[in-house]
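**Student:** Sequence:
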Amino acid sequence: MTPTGSGGGDPAAWDVARPRRPGRVAGADMAGFGVPGRLAGGLRVVPHPAVMLVLEVGACRAVVDDGAGRRHRGSVVAGPGFGDGGAVRAWGSQVECVQVRLSPVVARAVLGVSPVDVAGGMAVLDDLWGRDAARVREQLGEASSWEERFALTDALLARRCDVRSSVDPEVARAWDRIVACRGLVRIGALADELGWSRKRLWSRFHAQIGMPPKRAAQLVRFDHAAHRLVAGEGAARVASEGGYFDQSHLHRDVMAFTGLTPATVAGEPFLTIDDTAWPAPERTPDRGPVSRPGQFPAGGGGFTATPLKNV
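Each residue of the sequence shown is one higher than the last, beginning at 0 in numbering that gives the first Met the number 0.
It is worth saying that the hints were derived from the structure and are not from the lab.
Not one of these hints is a red herring.
SDA-like cross-link-like pairs, simulated, lysine to any residue; straight-line CA separation at most 20 Å:
(1) Lys213 with Arg172
(2) Lys198 with Gln217
(3) Lys198 with Asp167
(4) Lys213 with Ala188
(5) Lys213 with Arg203
(6) Lys213 with Trp201
(7) Lys213 with Leu193
(8) Lys198 with Ala188
(9) Lys213 with Ser202
(10) Lys213 with His248
(11) Lys213 with Val115
(12) Lys213 with Met254
(13) Lys198 with Pro211
(14) Lys198 with Val115
(15) Lys213 with Gly120
(16) Lys198 with Arg185
(17) Lys198 with Lys213
(18) Lys213 with Ala179
(19) Lys213 with Arg197
(20) Lys213 with Ser196
(21) Lys213 with Ala118
(22) Lys213 with Trp195
(23) Lys213 with Arg199
(24) Lys213 with Pro168
(25) Lys213 with Asp175
(26) Lys213 with Glu192
(27) Lys198 with Pro168
Between beta-carbon pairs, the in silico distance windows are:
(28) Leu183 with Ala25: 20 to 26 Å
(29) Ser202 with Ala255: 21 to 27 Å
(30) Glu240 with Thr271: 18 to 24 Å
(31) Gly111 with Gly68: 26 to 32 Å
(32) Pro211 with Arg251: 14 to 20 Å
(33) Arg37 with Ser196: 51 to 57 Å
(34) Arg197 with Gly111: 27 to 33 Å
(35) His250 with Arg130: 45 to 51 Å
(36) Ala206 with Gly233: 37 to 43 Å
(37) Arg251 with Asp167: 28 to 34 Å
From the three backbone atoms N, C-alpha and C, an ideal C-beta is built for every residue, glycine too.
Please model the complete structure; the sequences and the hints are all you need to start from.
**Tutor:** Here is the structure:
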């Protein structure tokens, strides 16, 4: 659940930090956000193909309006595609948090909750972890730097991580294939590649990832298209190279996921800092971004690790 929208100061003034070293849990990536002032008008939540763990820091508690009339306070876990339709918003003042993007392949092992349990929605961390959630918040609040917060979060994820795989190996391979192909994969061909029937792939994938494989491919494809739009590429080119039938198809897909037109999505403030908070995976000269196994798409290039402000 990456913060977006106006208010809370110019996103250029946000405190955005990245860990200096990779974490111990494969398929988990984190960033720190400090948003000064008040989030006037709320921050739009744009869908992403990952399970989001948002750990609040400090005395100020954010509120998430899920678009269905329910408001959730405190640290949360959100399923892949959370924010679909563009109605989900976050509110608060002087917000600070550590946000973890988890591959759906490892989410259950790390969090003790399956993507299925929060598919398309969210859960308050207090309800899932009980008193542990309050202890984590207190520890993060006492940390004196982003690096210390990242170290605490990394230790937490490693401690909670189950040694068993959370999904079938074939499901993990299917997810990795969808990510590596940026969503441009035929589900029937994917089933054949795994040696499964299409029905079996649909059933197992949906039960363990939280959405059908076709929907996962659409979400991954949208994520890449959105970042290309923000990078300044024209909608016609993004559509033709991104697996859409035409520009109208891209328009409909972006509208369905965000409630916004492609031109408006290209100006979303959260996407302007996404490449800083979530640097792209490795790139090859001829193939572009390549995700590691068990991971998920990320934004563009860039790397930032900043000290905490006013701590």
